[in-house]
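> Take the sequence shown: its letters are residues 20 to 140, numbered as in the numbering used here.
Please note: incorrect hints may appear among the correct ones.
Derived DSSO-like pairs (lysine-lysine); straight-line CA-CA distance at most 27 Å [said to hold, decoys possible]: (1) LYS60 x LYS88; (2) LYS77 x LYS88; (3) LYS88 x LYS72; (4) LYS77 x LYS60; (5) LYS39 x LYS64; (6) LYS39 x LYS72; (7) LYS77 x LYS39.
FRET-style restraints, in silico, Cβ to Cβ [to be verified]: (8) ASN109 x LYS88: 17 to 25 Å; (9) TYR57 x ARG37: 19 to 27 Å; (10) TYR57 x ASN107: 14 to 22 Å.
Just so you know, these hints were derived from the structure itself, not from any lab.
Beta carbons are placed, not taken as given, at the ideal position from N, Cα and C, and that holds for glycine.
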Amino acid sequence: MLNRLSTAFKNLFKAPNRFKMQTFTYFVPSPPARSSGYREKHFDKLFFEFINKGYEVKSITTQASTGDKHSGMWIICLVQATCQEAENLNIDDFQNLQLKGQTLSGPEVEGLYYIDDQANE
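Starting from the given sequences, assemble the full structure and let the hints guide the process.
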């Protein structure tokens with residue numbers, strides 16, 4: 020609570036951010052039944068690198084998606100660039116590079132791996 024008040028107070032006195040806002044969406048397929056928790060490591064890595072490119076998360080929303088063959092959850096983030104470099108970043112190009120296994124910011128984050136959601140089809 021105190022942290023939120025402090026952040027709100029600081030935001031009153033800082034210059035407004037004039038950089039663009041956009042959405043970052045990601046679909047997390049439902050994992051197979053397990054006896055323990057599940058962590059979507061590919062999303063974690065992608066989002067970690069994305070945020071470190073200079074974006075601030077304004078809001079995060081999730082939406083369940085059910086279907087006969089595919090079910091899962093959409094993660095929808097409203098983000099805003101915090102610098103000119105982030106303003107110029109094309110999110111589609113960034114995500115496509117990530118899906119091809121290329122990294123934009125250097126070494127992998129320890130413990131992350133690629134999940135092939137088509138492996139069980």
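> Indicate, hint by hint, whether the structure satisfies it.
Outcome of the hint check:
{"no.": "1", "hint": "LYS60 x LYS88", "in the structure": "holds (22 Å)"}
{"no.": "2", "hint": "LYS77 x LYS88", "in the structure": "violated (33 Å)"}
{"no.": "3", "hint": "LYS88 x LYS72", "in the structure": "violated (35 Å)"}
{"no.": "4", "hint": "LYS77 x LYS60", "in the structure": "holds (22 Å)"}
{"no.": "5", "hint": "LYS39 x LYS64", "in the structure": "holds (23 Å)"}
{"no.": "6", "hint": "LYS39 x LYS72", "in the structure": "holds (14 Å)"}
{"no.": "7", "hint": "LYS77 x LYS39", "in the structure": "holds (12 Å)"}
{"no.": "8", "hint": "ASN109 x LYS88: 17 to 25 Å", "in the structure": "violated (31 Å)"}
{"no.": "9", "hint": "TYR57 x ARG37: 19 to 27 Å", "in the structure": "violated (39 Å)"}
{"no.": "10", "hint": "TYR57 x ASN107: 14 to 22 Å", "in the structure": "violated (35 Å)"}
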